[in-house]
Every structure is written in structure tokens, then in C-alpha cells.
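K.L.:
Chain A is fixed; fit chains B and C onto it per the hints.
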Amino acid sequence: MEKLELLINGKRLDGRAMDELRKISITASPIRNATGSAYIEWGNNKILAAVYGPREALPRHTADPDRAVVKCRYTMAPFSSLEEHGRPGMNRRAIEISKVTKEVFENVILLDLFPGTSIDIFVEVLQSDGGTRAAGITCASVALAASGIPMRDMPYAVSAGKVGETVILDLNKIEDNYSDADMPMAINPRNKEVTLLQMDGELTKDHFKQAVEMILKSGEAITKLQKEALRLPYEKAQERYNR
Amino acid sequence: MNITTMTRQYITERLNNKVREDGRGMLSYRGITIKPGFIPNAEGSAEVNIGHTKIMAGIKIAVGTPMPDKPEEGSMMTAAELLPLAYHKYDAGPPSAEAVELSRVIDRGIRAANVIDMAKLFIEEEKVWSVFVDIYVLNYDGNLFDAGTIGAMAALLTARMPKYEDGKVIREGNLGRLEIINTCASSTFAKIGKTIVLDADANEEDFSDARLTITTDEKYIRAMQKGLGGSFYTSEVEGLIDTSFEKSKELIKRIKEAASGD
Amino acid sequence: MKKLVTPGEVLSDKPLRIDNSLVEEGKTISTIMGMYDDQTSSLIPIEGLWYPRPGEKVIGVIEEARLNTCNVALNAPYKGIIILKFSEVNMVNNDIIEATVKELDKTGTIVLSRPKVLYGGKIMAVKPSKVPRILGKENTMITQVSQSTKASISVGMNGLVWVKGGDVDLATKAINQIVEEAHVSGLTDRIAAMLKSKQQ
Numbered sequence: 133m134e135k136l137e138l139l140i141n142g143k144r145l146d147g148r149a150m151d152e153l154r155k156i157s158i159t160a161s162p163i164r165n166a167t168g169s170a171y172i173e174w175g176n177n178k179i180l181a182a183v184y185g186p187r188e189a190l191p192r193h194t195a196d197p198d199r200a201v202v203k204c205r206y207t208m209a210p211f212s213s214l215e216e217h218g219r220p221g222m223n224r225r226a227i228e229i230s231k232v233t234k235e236v237f238e239n240v241i242l243l244d245l246f247p248g249t250s251i252d253i254f255v256e257v258l259q260s261d262g263g264t265r266a267a268g269i270t271c272a273s274v275a276l277a278a279s280g281i282p283m284r285d286m287p288y289a290v291s292a293g294k295v296g297e298t299v300i301l302d303l304n305k306i307e308d309n310y311s312d313a314d315m316p317m318a319i320n321p322r323n324k325e326v327t328l329l330q331m332d333g334e335l336t337k338d339h340f341k342q343a344v345e346m347i348l349k350s351g352e353a354i355t356k357l358q359k360e361a362l363r364l365p366y367e368k369a370q371e372r373y374n375r
Numbered sequence: 003m004n005i006t007t008m009t010r011q012y013i014t015e016r017l018n019n020k021v022r023e024d025g026r027g028m029l030s031y032r033g034i035t036i037k038p039g040f041i042p043n044a045e046g047s048a049e050v051n052i053g054h055t056k057i058m059a060g061i062k063i064a065v066g067t068p069m070p071d072k073p074e075e076g077s078m079m080t081a082a083e084l085l086p087l088a089y090h091k092y093d094a095g096p097p098s099a100e101a102v103e104l105s106r107v108i109d110r111g112i113r114a115a116n117v118i119d120m121a122k123l124f125i126e127e128e129k130v131w132s133v134f135v136d137i138y139v140l141n142y143d144g145n146l147f148d149a150g151t152i153g154a155m156a157a158l159l160t161a162r163m164p165k166y167e168d169g170k171v172i173r174e175g176n177l178g179r180l181e182i183i184n185t186c187a188s189s190t191f192a193k194i195g196k197t198i199v200l201d202a203d204a205n206e207e208d209f210s211d212a213r214l215t216i217t218t219d220e221k222y223i224r225a226m227q228k229g230l231g232g233s234f235y236t237s238e239v240e241g242l243i244d245t246s247f248e249k250s251k252e253l254i255k256r257i258k259e260a261a262s263g264d
Numbered sequence: 004m005k006k007l008v009t010p011g012e013v014l015s016d017k018p019l020r021i022d023n024s025l026v027e028e029g030k031t032i033s034t035i036m037g038m039y040d041d042q043t044s045s046l047i048p049i050e051g052l053w054y055p056r057p058g059e060k061v062i063g064v065i066e067e068a069r070l071n072t073c074n075v076a077l078n079a080p081y082k083g084i085i086i087l088k089f090s091e092v093n094m095v096n097n098d099i100i101e102a103t104v105k106e107l108d109k110t111g112t113i114v115l116s117r118p119k120v121l122y123g124g125k126i127m128a129v130k131p132s133k134v135p136r137i138l139g140k141e142n143t144m145i146t147q148v149s150q151s152t153k154a155s156i157s158v159g160m161n162g163l164v165w166v167k168g169g170d171v172d173l174a175t176k177a178i179n180q181i182v183e184e185a186h187v188s189g190l191t192d193r194i195a196a197m198l199k200s201k202q203q
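Chains as they are written, first to last, in this note's numbering: chain A, 133 to 375; chain B, 3 to 264; chain C, 4 to 203.
Any given hint could be a false lead.
As a list, the in silico EDC-like pairs of lysine to aspartate or glutamate whose alpha-carbon atoms are at most 20 Å apart [stated by the list, open to error]:
#1 A:231 with B:93
#2 C:5 with A:216
#3 C:130 with A:188
#4 C:153 with B:23
#5 C:125 with C:101
#6 B:165 with B:24
#7 C:167 with B:24
#8 C:6 with A:216
#9 B:129 with A:216
#10 A:234 with B:93
#11 A:234 with A:198
Worth flagging that the hints you see were computed from the coordinates, not collected in a lab.
Isolated chain A (complex conformation):
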């Protein structure tokens, strides 16, 4: 692949600082039929997440008599990218992302409370611009909170990467394509536990430490946005009647 200059005069191509997130907005409960749902716009990413359950685990052999099982399906709409028409449904990449996303939520949902059932999480990428797995996890986290399924924390995810010797936060599509490293992470904000960690490219330990620092710092802003999205409908209702 031809090399592309990603940093010009100390700025990124979209004008962001190295540790700056793209613009994020989250809406809770856009899908009426779901137990819980959320919609996120993260930069140019547009992603819907919905949760159904706990419900009877089907087929039956997938049920665990001692705890709920979490199932996750991450898919990308065929019109989601600027390039060719994609194929709908699951490819190998989607299967892997679905699996690691599922594991993030297995960590926080109180599974013991609903033995024999399944909790189904659907993440649908309507428009993609890099970092969809992180945005999808952040979104699904809000969908779960809105569903009332008990969790011990509300995870968020974001990625960091590297261009030359510079560590950058929240890579967009073009940065992802031409950067020297990409490392998405999901974090339980209360205890700073890492529940998703993937990386490819080249990083020194020092780069890693810088990346983690950026991820944790940006997490405070992301968590705040998640909470605001959940509170908004209730605060609005209260406001309407205070007048």
C-alpha cells in the first residue's frame, strides 16, 4: 500500500489533536420492539444496537442451566461503506468481532440471575468509518443499561494507534488503513478492567503505555455521554411537568 502522510504540521488530517476523540452522540431506546436499544454516531460511524432477552435460549442445547448465555451478532449493512456494495450477513471478520463483543458483556452482566436463558445483542453498522467495533460496544453498553438487564458496570471501548512515533487516539478509517498500529480496548470504567484488547502493527511498551493513558482519559468523556443518553428521556419528562 502506498504510504500516506497522516500527520501534517502536528495535526491529523481531520484537524484533531493526537488525543482527541471524534464527535460522539448517543441516543437511548430508538428501537421500540427491543428490550433495550441505543444508536450512536461516532464521527461518521452510524451504529444501532439492540438487546432482546433474557429469553428462552434457542436452540435448546445452547442453554446453560446455571447462567444466562450471551449471544452477539455484529453485522455491517451492504451500503455502509463508501466503497463497493458489501455482502450482507456474517463474514469471518464479523464472526470474530461478534465473539469479542460478546465476551465484553459476559464480564459485566449478572448472568447467574437468569439461568437457562439467552441475552441477545445485535450490533448493526449502518455507516462505517473506522473503529466500528469500539463504537458498537459503547453503543451496546447503553442498550443493555436501557434494557434493565443488571450489570456490574457499563463498559466503553475506543481504540488507540500509532503513526510513525506518535500515538493517536480513536483512529478513523483512513488512519486505520495507513497507521503503524491499531489497538482497540474495552474498559469497565469503575475498576479500569480491560475486557477487550486487540492489537496489530508495531508498538513499543512505551507506546502501549501512552495509548492506555489516552484511552483511559477519553473514557471519562465517553462514560459521561453514555450516562447522559440514558438520563435524557427521564430528565426531559420531568422538565416538561415542572413547568
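P.N.:
The following block gives chains B and C in isolation, referenced to the frame of chain A:
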């Protein structure tokens, strides 16, 4: 929700008294919103809500090979996905017969109405533009047929036309629009017992005996599809054709208004 | 002070016994989205699931009536079952029933007792976390709705509400409004005013 919330007896009694659960008239639509341009990455897109039904239509245009019987014309392919996030009864996996029927009925109306000028999609020998129409169901509350056709039309009317230069497809920058030469809309009726309603919601569809979709442009009937195990009398169909023309006219106006605002 | 909390939020630096919370490293953590009152140490769910408790009333739909048992859809994580030898009621598929939770058995089935068929009418599905508001203190809210609309109403703790007769549409409207404004103060007065204005 995973249960049927109404008994057949309850709903037919109410319909016999000309009462629908949401207070609508028998031949009235729920509120409709059309938002084109929702997905800038797609060549065209639109989000459509009819009541609580929510769909997304996306258009991608790519270089393909022509159909053997029409070597100098472009092609169109329509697919519908009943996403499992939209309804507890939808499951993951290959498209169900329900999804295939939905996509084919939407496709047929648009094709028969000659919405796209296919001859304009010829590039060079063995190379034409293929238009992919994808209907994504995001929340199901009945009447996906009309929502799908409205979405496909609004997305097509606002679609960018990529360029083909030196063997490369250019999708960004100064592009024209996909050429659209006709607009159509469909009206879908449900028959429950002896009563016929327009734009059935999920509860009404649950108890529907028969379904009829009529797609028209301003002049002709362009496609029809009767569904489910029940039946219509021909006299009923004749009446519904009149209603469809009337409703389509209004819908086409709404679609064009929404598209011109984009 | 009351405040809106989300899952993972620390309610107290001390270990407390509060519904919908857990204790981790000596701290009390909310597991749901809810309204927390630190004076009374109570956490009322805004979003929450129904967990069956013996003695609770539920509304359900018969899914599969067999010779000895009936499977009941409850719009809940678990299915209900009625063992017929304990009752004389004759039930068929799609019947709407009212019943009492006997227990959640080890196979993850809610065993129901004292079934009663509710003929006609319709079911509304609401979030189970809103049921206490629909009922009101000592059933005052639901009694008010039922009396003003002359509708028969039965509320299941599982979030299914059966409505029949009278002004069904007004009753539906009132219940929807209660669900929507469940956590806004002054609800009882607003519902009373709405019912009164629409009653003619």
C-alpha cells in the same frame, strides 16, 4: 414483547364497529416520515417511519456485467433484510421466504414503473452500472411493503451517480444524480374477517386473513401482490385500485418533497 | 437526596443491602438504571426486568394446552406452566389467563396456580418496572382508572395488563400516560385530571 396481545374476537369486534386500536380510519395511513440522505457513504439512502415501523433503504451503484438478454442496459438488484434487532420473531440466517417476497414485490413495482433509465447505465461493451437497493428493517410494526417502496424511491431519487474513469470508479466529489424518470408508490391492504384496512400494524397483521399490495404511478397500476391464505372478491380489488391511485398520488408527492429537500 | 444512577455507579462507600445492587470491595454498586435515595437507601428501578416471586399475580397467554399441563407465555425470561390436576378450569390455546406464581422451578419454568380465564378484551405490554406505578399505593391508581372508564382491568406483575369493556381506549390512554410519566412527581393528580377531562 413476545406475545400476541389481542384475541381475534376482540380485534374483529372492534373492526366491525369501524374502530382501530389507534383511532385511525379504515383507509388511513399512520404518520409517515421520510428522511433521505441518512447514510452519506451510500450513493443514496433514506430512513422511513410509518407509525412505529422503521426501515432504512440504501443504494450502492457498482460496475457490473449486463444481463445476457439486455447487453446494453444496466441492472437493478433489490434485497430486504428482516434484521433480528427489529423484532423478536426475526432470526439470523439466510433470508426467509417473507424477506424474499418483500424484496421481490418492491423490486417489481420499481422495475415495472421504469423508475430508472436503464439505457443510461451502459458504460461500454460488457460493462454496465448495477444499482443495488437494500431494504433494512430496523423496527417492525406492520406494512413493510409500503415503507420499503417509499424508502427505495426516496433513496433512488436522491442517489449520486458515480463516474467511471480509466478503469476506476469515482464515488466522491462533483457527481451528478442517478437519472430517475418515474416515481411509484404502493398501498398495502389487509383483510381481517370481512373488514379491509390500509396500512395494518403488527397486531392487525397478526390476524390478517389476506393481504393485497397495489403499486401504481400516477397513470398505471405497475405491480400487484396478493398474500396470505385468505381471499378478496374482484369487486373489492376494484375498489382498492381506486384507493391505491388516490393514496399513491399523495405518497408520491410526499416522496418528491422529501427528496427535493435533500 | 434522590438521584438518577446507572449500572456500575457507586451508591455508597460502605457495604449496604439494597435491592438491585451488589457489593464489590466493600462498596455498594448499582446494577441497574434507577432512582437512588441515599436517606432511605432505596434504589427504585427505572429500567428493570421482572423476576418471579411466589404469590405474585401474572397475566399470560396459553401457548400450548395439553392434557395435563398448559404452557403459558408471560412476556418474561421464563415460560409459565399450569399443572392441570390442581384446577378445574378448561383452557385452550390463545386464552388470556390470570394466575398466581407458585415457584420458579429448577428447570427455569414458572409454576403457576389458581388460573382464571379472562374472556375477551386485550392485553397491553408495559415495562415491569412501571407496574407499581400503574397499581399505585394500595391499588389507588388502577382503581381510579377502572372506575372512571368502567373498564375491567387486571394488572400482572410481569408487565401484562388486561383491559376489557367500558371505555377501553381511555383506559389504554391512561395506562400509557402512567408508564410514560412514571417517575415524574404529581402523577396521580395529572391522571385524575386527564380522566375527568375525557370522561364525557
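K.L.:
Now tell me, hint by hint, if it's right for this structure.
P.N.:
Here is what the structure says about each hint:
1. At most 20 Å may separate the alpha-carbon atoms for a hinted pair to count; residue 231 of chain A and residue 93 of chain B meet this at roughly 18 Å.
2. A threshold of 20 Å between alpha carbons decides the hint, and for residue 5 of chain C with residue 216 of chain A the separation of about 52 Å lies outside it, so the pair is violated.
3. About 18 Å separates the Cα atoms of residue 130 of chain C and residue 188 of chain A, which keeps this hinted pair within 20 Å; it holds.
4. A C-alpha spacing of about 18 Å is found between residue 153 of chain C and residue 23 of chain B, which places the hinted pair at or below 20 Å, so the restraint holds.
5. Proximity of residue 125 of chain C to residue 101 of chain C is assessed by CA-CA distance (about 13 Å); at most 20 Å being required, the pair is judged to hold.
6. With a C-alpha separation of about 48 Å, the suggested pairing of residue 165 of chain B with residue 24 of chain B is violated against the 20 Å cut-off.
7. Of the pairs offered as hints, the one joining residue 167 of chain C and residue 24 of chain B holds, with about 16 Å between alpha carbons and a cut-off of 20 Å not exceeded.
8. Pair hint residue 6 of chain C plus residue 216 of chain A does not hold up; C-alpha atoms about 49 Å apart against a cutoff of 20 Å.
9. For the given pair, residue 129 of chain B sits about 16 Å from residue 216 of chain A by alpha-carbon distance, which is consistent with the 20 Å threshold.
10. Simply put, residue 234 of chain A and residue 93 of chain B have alpha-carbon atoms about 18 Å apart, close enough for the 20 Å limit, and the pair holds.
11. Pair hint residue 234 of chain A plus residue 198 of chain A holds up; C-alpha atoms about 18 Å apart against a cutoff of 20 Å.
When each numbered hint is compared with the structure, violations occur for hints 2, 6, 8.
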